[in-house]
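*Asks:* Spelled out, the chains give:
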Amino acid sequence: MPQPASIDVNRSLPAYVKVMLMLVAALLAAIVLSLLIGKFPLSLAELWQVLVARISGEPLQGSADTVIWQLRLPRILAAILVGASLAVAGAAYQGMFRNPLVSPDILGVSAGAGLGAICAIFFNLPMLLVQLFAFVGGLFAVAAVYALASLVRRHDPVLVLVLAGIALGALLGAGISLLKILADPYTQLPTITFWLLGGLHSVSLADLAYSAPLMLLGLTPLVLLRWRINLLSLSDDEAAALGVNLTRTRLLLIIAATLMTASAVSFTGIIGWVGLVIPHVARLLVGPHFSRLLPVALLLGATFLLLTDTLARNIASIELPLGILTALVGAPFFIYLLARGGRT
Amino acid sequence: MKALLSAQDLSIGYGKKVVGERIDVSLYGNEILALLGPNGSGKSTLFKTLLGLLAPLAGQVFLHGQPLKQHCRRTIAQQVGYVPQAQEGQFAFTVLEMVLMGRAAHLSLFAQPSQSDQQLALHILTELGIAHLAACTYPHISGGERQLTLIARALLQQPKVLVLDEPTASLDFANQILVLEQIQRLRAQGLSVLLCTHQPEHALQVADRLALFKHGRIEKIGTVAQVGHAENLAWLYNVSIEHVYAQLKRDLVK
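For the protein sequence lines, the chains are F and P, in the order given.
Quick note, the first sequence lines up with residues 1 to 344 if you use my numbering.
Quick note, the second sequence lines up with residues 1 to 254 if you use my numbering.
Derived by calculation from the structure, the hints in this document are not laboratory data.
Be careful, since some hints might not be right.
[Stated by the list, open to error] Stretches of chain P that chain F covers, calculated by requiring three or more beta carbons in the stretch to come under 8 angstroms of a beta carbon on chain F: (1) 84-92; (2) 96-104.
[Stated by the list, open to error] The calculated label-pair distances, taken between Cβ atoms and stated as ranges, are: (3) F:Leu311 <-> P:Cys72: 26 to 34 angstroms; (4) F:Leu159 <-> P:Gly40: 53 to 61 angstroms; (5) P:Ser114 <-> F:Trp69: 57 to 65 angstroms; (6) F:Ser150 <-> P:Gly59: 51 to 59 angstroms; (7) F:Thr247 <-> P:Gly15: 52 to 60 angstroms.
[Stated by the list, open to error] Which chain P residues face chain F? A few, computed with CB under 10 angstroms, are given here: (8) Leu204; (9) His243; (10) Val244.
Predicted model, so just to flag it, every value in this text is computed and none were measured.
Note that CB positions come from ideal geometry on N, CA and C, so glycine has one too.
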């Protein structure tokens with residue numbers, strides 16, 4: 001009989017450390033790259049000068065300093081926060097709904113936040129209220145989906161939840177289309193369209209100052225429940241028989257993941273696919289265990305969105321909406337997942 | 001003798017659909033009780049109700065003499081381990097990760113399994129003879145190995161009662177023997193086991209008592225010697241006695 005001591009049970013630990021180190025390095029490289037390139041290209045030496053000057057307390061006068069501190073750094077921070085939030089929320093949704101194909105988009109969160117924001121744009125409300133409406137819309141969508149799903153008791157609750165999300169998403173989509181038709185085609189429609197496609201072009205440090213704490217607030221329960229969330233990927237009966245209070249745990253996780261999604265969507269618009277694709281890649285790298293999945297998805301999502309955003313502002317003479325680029329990567333990947341059975 | 005897990009005048013079912021009525025059954029300490037019944041007789045529904053996963057339509061389930069509904073999921077899980085039929089699983093957790101999930105009932109909401117929990121898990125895996133699989137991913141091991149993994153997970157709950165839903169279904173011959181041996185070993189260690197099976201010969205082989213479940217009722221219950229004879233099996237499954245004899249004799253020849 002084999003002896004426990006001889007078993008390498010932590011076989012994935014060195015591999016995991018290696019993956020994490022590589023991801024941190026990739027994120028740092030992406031940050032430097034994103035600081036350097038753009039309409040106003042900078043060399044590494046210039047970047048170094050600007051950084052050293054700031055740290056020593058005597059910031060350089062001139063455009064390099066402004067470009068880095070006023071334009072690129074807030075945008076980089078935003079890309080990192082939004083990418084990380086969407087990826088982590090997606091990983092949590094996939095784990096707790098036992099379905100590798102769900103994401104904030106499929107559960108109606110994004111559409112809810114979208115309708116909220118467009119309502120505010122339609123009524124010419126200030127930007128702050130646009131963001132608040134987006135946030136409330138996202139929470140409302142999930143609450144409605146969850147309430148709808150708990151009314152239908154006969155079927156598999158997870159399937160019902162996902163289907164309710166898709167149905168509600170379609171309904172909210174109809175609402176969005178209606179507002180687009182009713183909107184003023186010269187003043188409101190361009191704003192709505194650009195918002196729906198998502199982007200980080202208008203992000204300011206002030207946006208980050210109140211979105212970042214909300215994202216962190218959503219992240220905290222996910223970190224604390226990083227072991228227990230694994231049990232939700234078993235069947236409901238199994239998890240309950242293992243002593244899990246399903247309703248309470250799932251509700252807590254849904255609120256947390258929705259908070260992260262809605263606070264991201266509320267100031268960047270709808271950026272699809274990140275929450276679906278990144279958790280998948282993360283699972284391929286380190287397996288489904290959430291303690292390892294969470295940090296990997298977080299770093300991967302941050303790096304992915306930062307690179308995509310850097311591409312979006314450099315690829316053409318005008319800036320491309322971020323949502324188009326993430327869809328170009330995400331949609332083929334989704335089809336690939338469906339083709340191989342949706343399992344990692 | 002005091003029952004660990006018992007049902008009194010229990011009605012089971014889903015919503016308006018009544019699956020079984022007036023069920024009385026008790027599981028005592030250190031015994032194996034096997035539930036036999038034809039397909040669709042409501043065995044799984046009865047198990048779910050006994051585990052508190054499904055609310056009874058009428059009557060009550062008692063754990064240690066206390067109504068089950070007075071317990072929360074956590075305290076039930078500390079007493080009763082459940083081994084469902086092994087499914088492939090949607091995510092590729094390792095066997096050790098799967099087994100450690102059995103520790104949930106003993107951990108606080110935000111806690112993770114400790115080093116000693118991991119030692120315990122490895123000890124149980126070693127006893128079940130599958131310690132070499134600890135680092136393998138659950139969807140990629142055989143059906144028998146999955147069944148043993150789920151048994152290991154239930155044992156990590158350190159329960160008094162083990163409820164097994166068709167533990168030998170879809171297993172090959174060697175794995176059937178393996179699982180049945182392990183069930184007997186666990187009883188010898190002091191656990192009480194409630195299981196259902198579609199193979200009467202398995203029940204006759206390992207059980208102390210048999211419960212014959214038909215038309216949503218426990219029609220006969222008693223020791224294997226009292227209940228487990230050919231006439232009863234013929235009646236239970238609506239087949240001729242000759243068929244039962246032929247089947248069991250063939251099993252003996254095996």
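*Asks:* Are the hints correct? Go through all of them and say.
*Replies:* We went through each hint and held it up to the structure:
no.	hint	in the structure
1	84-92	holds (count 6)
2	96-104	holds (count 5)
3	F:Leu311 <-> P:Cys72: 26 to 34 angstroms	violated, 51 angstroms
4	F:Leu159 <-> P:Gly40: 53 to 61 angstroms	violated, 23 angstroms
5	P:Ser114 <-> F:Trp69: 57 to 65 angstroms	violated, 46 angstroms
6	F:Ser150 <-> P:Gly59: 51 to 59 angstroms	violated, 26 angstroms
7	F:Thr247 <-> P:Gly15: 52 to 60 angstroms	violated, 19 angstroms
8	Leu204	violated, 28 angstroms
9	His243	violated, 35 angstroms
10	Val244	violated, 33 angstroms
The structure is inconsistent with the numbered hints 3, 4, 5, 6, 7, 8, 9, 10, although it conforms to all the rest.
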